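A.B. asks: Heads up: the protein sequence lines correspond to chains A and B, in order. Going by our numbering, the first sequence opens with residue 1, and the numbers climb by one from there. Going by our numbering, the second sequence opens with residue 1, and the numbers climb by one from there.
Careful, some of the hints might be misleading.
Because identical chains cannot be distinguished in the list, a pair is counted as satisfied if it fits within a single copy or across any two copies.
In silico EDC-like cross-links for lysine to aspartate or glutamate, where the CA-CA straight-line distance does not exceed 20 Å [what the hints assert, rightly or not]:
id : residue 1 : residue 2
1  : 334       : 211
2  : 352       : 278
3  : 351       : 207
4  : 206       : 325
5  : 334       : 207
6  : 371       : 465
7  : 84        : 398
8  : 351       : 337
9  : 352       : 205
10 : 351       : 433
11 : 371       : 435
12 : 206       : 282
13 : 456       : 325
14 : 352       : 207
15 : 206       : 316
Calculated from the structure, these hints are not laboratory results. The structure displayed is predicted, hence computed values, not measured ones.
Number of protein chains: 2
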Amino acid sequence: MINRVKAAVAQLVGGTGSSSSPWNCPECSLAFQYSRPAFLHLSAEESERAADHSTRPILVTGQDRRRQLLPWDTGYAEVINAGKSVLNEDQAAREIVSVEKRVCKNSTAGKTAKDDERDGLQFHYWALFDGHAGADAAVMAARLLHLHICEQLRDIVDVLRDGDVPPPISLTSNAGVVTEGGAKSAPHQGDWEPPTDSESRFLLEKEISHEYLVIGAIENAFRQMDQQIEREQSSHGYLGGCCALAVVYLLGKIYVANAGDSRAILIRSGETIPLSNEFTPESERQRLQYLGYLQPHLLGNEFTHLEFPRRIQHREIGRKMLFRDYSMTGWAYKTIEKDDLKFPLVYGEGKKARVMATIGVTRGLGDHNLKVYCSNIHIKPFLSCIPEVKVYDVAKYEHGVDDVIVLGTDGLWDVVSDREVADAVIRILSNCEPDNPNRFTMAAEDLVMRSRGILKEHGWRLSNDRLGSGDDISVFVIPLYGHT
Amino acid sequence: MINRVKAAVAQLVGGTGSSSSPWNCPECSLAFQYSRPAFLHLSAEESERAADHSTRPILVTGQDRRRQLLPWDTGYAEVINAGKSVLNEDQAAREIVSVEKRVCKNSTAGKTAKDDERDGLQFHYWALFDGHAGADAAVMAARLLHLHICEQLRDIVDVLRDGDVPPPISLTSNAGVVTEGGAKSAPHQGDWEPPTDSESRFLLEKEISHEYLVIGAIENAFRQMDQQIEREQSSHGYLGGCCALAVVYLLGKIYVANAGDSRAILIRSGETIPLSNEFTPESERQRLQYLGYLQPHLLGNEFTHLEFPRRIQHREIGRKMLFRDYSMTGWAYKTIEKDDLKFPLVYGEGKKARVMATIGVTRGLGDHNLKVYCSNIHIKPFLSCIPEVKVYDVAKYEHGVDDVIVLGTDGLWDVVSDREVADAVIRILSNCEPDNPNRFTMAAEDLVMRSRGILKEHGWRLSNDRLGSGDDISVFVIPLYGHT
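One chain only, chain A, in its complex shape (with noise of 0.2 Å):
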């Protein structure tokens, strides 16, 4: 089946019609079904063990199935929500990804197969989806961002493959890019003809490093994951969103994208170091508020693109409140107008802020349908589906064997520090032998052990006796060592 899926997304060059996309075969809907990650193997039994809220189990890879040991010897842990939804709506994915450049007949001539595969680069895929409203989003997105990510860096092969030289700014037409019925030439540098005196003032020419085309090709790569979602809601009548963090492994650096409230997290030599930021109404506010004030329209008469820390009473106008507009990181008192009594467009605090009272996070894919409650406004416009890129250059440390990335859904952020993650990874990481395989995946079975908690009397709770979390916990942590 995911087969079928790839040889479809293969098809997808330049497709973005409905009507003709590879993307709407029933082959593609199918492989959206949800199931737990395929590399769980699960059993029908194992997987209906998994979806019991009340004992939630955890599920790990390899340990005493060796033979599923993720590449890298990856570690993966997951566990279901304490009952908020039916469903786990984390998803997972973990792969190889070959990027074959895309096939350009006029210059194929005389090579063979084999020529053609060395010519094609390898990247290194983790990736969690966090669903809300529904799995269907992160179902898909699990399935098919990294082919995406494929077809974006399929035009862009030989300029990476030939890091000594900077990306040329221009290709000829079409470059390397295979339309039906015929085939263009390959990528190069254009026949750019240099400035007269009078032009050189305009073309003064930016050097773009290879790494910016990489993180160009992963946003577009989210765009498109994004569009593709959005044809199966309308065609298909799927619901919700997911959050999405997706790592890149590629040419020796790593790149963490972000489009939601997930994180990453670097261990080195013991310390924790962010690979990622979190993406909500608070952190955004002021994005969101800036296309409120620009865009009213959007905010459908009901809501105001102003900020007060709590919601005013009709009998409070012409009282001095505390406000802050988009410009704004400070507060201010201002006399409230009619206007004011509007619901703000971000309101609430920590875990609890909202746009429009809806949705509380403010990047990721999907969510194309979503209205604010008993109206007809929409949310998605006041969305990203864009990640932020962070890149980390793996060859330029010396990493050691309990040097780790942990990756993980926000059940595990939302009760467990940083620091407490790390010092968790370490304790097990430093009791285990070196060249224990298991030793990653048992880190991340005790991250999400520590940040479910036990069930007792009163609920899930941690051992120092806070409340556990209640939400799907998912985490990879993937080693670094030997990995440059």
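We have chain A already, so just place chain B on it with the hints.
C.D. replies: Chain B only, in chain A's frame:
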């Protein structure tokens, strides 16, 4: 004269109409006449010498004129540019400002003038303004910004003094604001009633700290200052704009407000800690592009919000070329269309980066009349007058005798790094007795000397023979020892 201006400011309570505004009084306009900072106490002859672009003498406070040492023994030095403009377009201010809370006739019954004074607050203030297209905006801001900050703080004196309880979210109507012909009651927590159960979800209160009230006051002071410059520019034909970097020390905390490309760093125990970010077409590219994308009419059919690494030529239509839009950090290839031949909204690199080929900074005061050359396209909508305000809690640290804050216009930072500045300051300070009050002035002078360089055959040269700064250069060195 300054006192008359102050008196005018004291009257400016909610005055926005330009016809009745005290800011239009002849005294105010006179107050905006160009001169070097009053605290330098220059004679006419000294002023003339200082304006010599060929010798570029460095002006300092203190040293052989001990009576003119600035409060806190703050060091200051400046030098004029090498000829790029007739006037030195930098301006500086150093003030101690008493914030009297607004007179409340009801509540002052029985109080003496001394009581009122004791009820007020005092803040220390340092600021640098780096003008462009003339010195008018910088002169106005240097004379008045601190008074606008004072005005904003007057409304919240009581709230700030009562540091043990969080600021009230709501005040009674027009609390404490004197209007002509009448007075209101003093600010106090309003007669807000607890919510009924059904209301409670709307009434969760966000707790705002005092610090954020000061930040809001500074942000609004910048906005007021910008609006005042707009009125002056439209009624008196003043031109140009300025970057603004202001430091406020209030109730044990230092607030660093920056709008533009000046820069503040802290040097503590030999380490450098940035206290500001620069706002340039490169650092604010995405904000600018987002506005251009949402409101394309602002681009006047001449500019595209997309960024390209160089200007595109007509014959390149149909080719693939690197680009990025407002949502992207990375770059990708797109097929060039006719619309892409427009000039990019943000173009160029480093110091050469420009908004609409016109201006190299994206935040500051003024520029209300600024248009793209030979067009009717306004630049101001893309500029922001709101500073980023960073807070440094002085009381949290023990400061040594060599710990200082350095403020500099870009004339300094363009040619000397943070580390070089710190090394130079430390060298000067450690060579002086700690009780020498001139040592901070000597450090400021050394920084200006170091960035201006020495006049050689091929122009101004640094000690390593790199090109010295031909720009105006202004530097404050603010000691922290003993101020908690």
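A.B. asks: Honestly, which of those hints from before does the structure not fit?
C.D. replies: 6, 7, 8, 10, 11 and 13
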